[in-house]
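S.K.: Listed below, chain by chain, are the residues.
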Amino acid sequence: AQSVTQPDIHITVSEGASLELRCNYSYGATPYLFWYVQSPGQGLQLLLKYFSGDTLVQGIKGFEAEFKRSQSSFNLRKPSVHWSDAAEYFCAVGARNRDDKIIFGKGTRLHILP
Amino acid sequence: DARVTQTPRDKVTEMGQEVTMRCQPILGHNTVFWYRQTMMQGLELLAYFRNRAPLDDSGMPKDRFSAEMPDATLATLKIQPSEPRDSAVYFCASGPGTSEVGELFFGEGSRLTVL
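Going line by line, the protein sequences match chains C and X.
Just so we're aligned, residue 1 is where the first sequence starts under this note's numbering, counting upward by one.
Just so we're aligned, residue 1 is where the second sequence starts under this note's numbering, counting upward by one.
Just so you know, the hints here were simulated from the structure itself, not pulled from any lab data.
Values in this document were obtained by computation on a predicted structure and should not be read as measured data.
C-beta atoms are modelled at their ideal positions from N, C-alpha and C, and glycine is treated no differently.
There could be a bad hint or two in this list.
[As the list claims (entries may be wrong)] Only part of the chain C face toward chain X is listed, based on derived beta-carbon distances under 8 Å:
id, residue
1, Thr5
2, Leu44
3, Phe90
4, Phe104
Let the sequences and hints guide you as you build the complete structure.
M.R.: Encoded structure:
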């Protein structure tokens, strides 16, 4: 069964600074990988996904993530954060065995300093 | 604008009462997921369906929780009897299925408080 770990519960960065949110997964083969964002009182919205091919994937709102098989990681990055990026971010992993199950990490809450 | 619709948005009830949460998935989506979100546990997968058939409900306490899809436009999650530890936000999400695995579209959630 797949699992995902987000080691940082909270991250604080200054507006305009770069951001990296960590995600490590456990799965016996190459998984499907995702990042979702949740604003307060809202459901989750897909930021980006990795299925195959280029290991650097671009998403919405200027985010990108890089799949590193050797490290079992899929870290989310943004070169310059905006105050509106303050939210909770979830990494998720899906299996390639057609069972459609998507498992989420516990999330990282991003705080932005003015 | 297609979206997943969940009702009720907020529910306060007393311990022992039955609670039913409803979800209308996006038309044409063939997978439906129920997640529970708490501060301590994060997002827990309770159950999910493909083409209305339950695939996995191992995340649900079977003695009190039940999930069904009576038709393609309605998914329900029922708790009977409810307990204070069931207090959480319950999310429904739908997806287009294995052709685009993981592109889940979430509802805004049902916040349940059990007193």
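S.K.: None of the hints should be skipped; say for each whether it holds.
M.R.: Verification of the hints:
Nearest Cβ of chain X to the Cβ of Thr5 (chain C): about 11 Å, over the 8 Å cut. The hint is violated. Hint status for Leu44 (chain C): holds, given a least beta-carbon distance of 5 Å to chain X, under 8 Å. Taking 8 Å as the C-beta cut-off, the interface hint given for Phe90 (chain C) holds, the closest approach to chain X being about 7 Å. With 8 Å as the threshold, the beta carbon of Phe104 (chain C) comes within range of chain X, its nearest partner Cβ sitting at about 4 Å, so the hint holds.
The structure fails hint 1 only (numbered hints given earlier).
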